[in-house]
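K.L.:
What follows is each chain in one-letter form.
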Amino acid sequence: MNEGMKVDRESLSVFIMIAEDLYKNKAYNEAITYCKMILSEFPDIKDAKILLYKSLKGLNDPTALNVLNELLNEYPDDQQIKSFVEPVKKLEENKPEKKEETISSVNLEVMEKIEKENIITANETESLLDRSLGEINKVNGVLGSIIIEESGLVVKSKMIENLDPEITSALFSTIFLVCEDSIGKTDLGPIDRIFIEIGKVRIYLFKGNGYILGIFTEEIVKIGLILIKAKQLLKNIKQVLEQ
Amino acid sequence: MIKEKIEKVMEIGGVKGVAVLTKDGLIVEKLFYETDLAELLGAMVAKINIEMEKSLGKSTDPLPIFSTIYTDKGEILFISKEKFILFTLAEKNVNIGSLIIQIKNIATSLQELI
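Line by line, the protein sequences are chains B and S. For the first sequence, my numbering puts the final residue at 243, and the numbers step up evenly by one. For the second sequence, my numbering puts the final residue at 357, and the numbers step up evenly by one.
Since the hints were made in silico from the structure, they are not lab data. You may find that some hints are simply not true.
Not the full set, but computed from the structure, chain S residues with beta-carbon under 7 angstroms of chain B [said to hold, decoys possible]:
(1) E294
(2) L306
(3) I308
(4) F309
(5) K316
No more than 35 angstroms apart at the CA atoms, straight line, and that leaves these computed lysine-lysine pairs for DSBU-like [unchecked claim]:
(6) K26(B) <-> K316(S)
(7) K297(S) <-> K200(B)
(8) K347(S) <-> K138(B)
(9) K235(B) <-> K290(S)
(10) K222(B) <-> K326(S)
(11) K335(S) <-> K259(S)
Listing some non-contacts, in silico: residues in chain S with all C-beta distances to chain B over 10 angstroms [stated by the list, open to error]:
(12) E247
(13) K248
(14) G256
(15) G257
(16) I270
(17) K273
(18) E325
(19) F327
(20) N336
(21) N338
(22) Q354
(23) I357
Cβ atoms here follow ideal geometry from the backbone N, Cα and C, with glycine treated the same way.
Build out the structure end to end from the sequences listed, making use of the hints.
P.N.:
Have a look at this one:
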């Protein structure tokens, strides 16, 4: 997208406008890229730094705190920057014994609090996974689904009663191991997915972020929909399980 | 006779090779642009098939195991019947539907020969 692009004085305002637009559209990662491009050429642009802070905050990135600290040091009297720490000040008023603390250190506390709130508990993880598998199982023709760890341990399963999740997970993990082992010796690249058809049952296996998702279906099923849902789940699974 | 039958698979655009194997991975007949790849993939397919049969039950002529492995640069399709495995390697842009139908048909006609 931005390969070979260079920020100069004339195009600076355009770059900031693009970054602002991206931020408004919640494309935080892209906004960060643009802000970093601007700041790499002109590190003193306040607007870019503020946008970078807001975008990082939008992503709950802890490095947002460093950017805010930099802003506070560089522009201690700026009202807009001060407004970022307003909620922090209100907290401070309720705790008179800690009044001598600097704004940045209080901000650190707030960031830690945000981080703590973002940690998903075991119950929440389970219900999230349950909901995700339920979503897949809702597709017409889907008989059951299972998430397993690369080594074969069951993470979560929602399967038909006569299928043992432990045996199934062992099978899926072995299939992937054998396939990866052999395909690694060829130049076919990494495995995207595996499809198995036996009798009137189909098994779709997807792998991503170190986890395997197995979906059992009937003969006739909307495979496109399953594919989309499976990819979505695997994209978010690492975040859910390893946060 | 077997060669004539598997030649039909090679006629589909994007197919890089096709082979018939015994259940233990020995090649019965092959048509491959890269001959070394046939041996390697044949061994792999046989190994995967053994693992599948261990868990899913032995494949038979009326109830074969059909699998597709989608990789970044190609697709491996194989069907395991009672006495043999028919496998093919294809490019990503292959007409997968047509290839699947052709493989299943050829496997059925091969089971009378092997």
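K.L.:
Now tell me if each hint is right for this structure.
P.N.:
Now the hints, each set against the structure:
1. E294: Holds, about 5 angstroms.
2. L306: 5 angstroms, holds
3. I308: This interface hint holds because 5 angstroms falls under the 7 angstroms limit.
4. F309: 4 angstroms, holds
5. K316: 4 angstroms, holds
6. K26(B) <-> K316(S): 34 angstroms, holds
7. K297(S) <-> K200(B): 19 angstroms, holds
8. K347(S) <-> K138(B): Holds: K347(S) and K138(B) sit about 30 angstroms apart, inside 35 angstroms.
9. K235(B) <-> K290(S): 30 angstroms, holds
10. K222(B) <-> K326(S): 32 angstroms, holds
11. K335(S) <-> K259(S): With Cα atoms ~11 angstroms apart, K335(S) and K259(S) stay inside 35 angstroms; holds.
12. E247: Its Cβ never comes within 10 angstroms of chain B, the nearest being 26 angstroms, so this holds.
13. K248: 21 angstroms, holds
14. G256: 19 angstroms, holds
15. G257: The claim stands: G257(S) keeps its Cβ more than 10 angstroms from every Cβ of chain B (closest is about 14 angstroms).
16. I270: 15 angstroms, holds
17. K273: It holds; K273(S) is separated from chain B by about 16 angstroms at its closest Cβ, greater than 10 angstroms.
18. E325: 14 angstroms, holds
19. F327: It holds; F327(S) is separated from chain B by about 17 angstroms at its closest Cβ, greater than 10 angstroms.
20. N336: At roughly 14 angstroms from the nearest Cβ of chain B, N336(S) sits farther out than 10 angstroms, so the non-interface label holds.
21. N338: 16 angstroms, holds
22. Q354: 17 angstroms, holds
23. I357: 20 angstroms, holds
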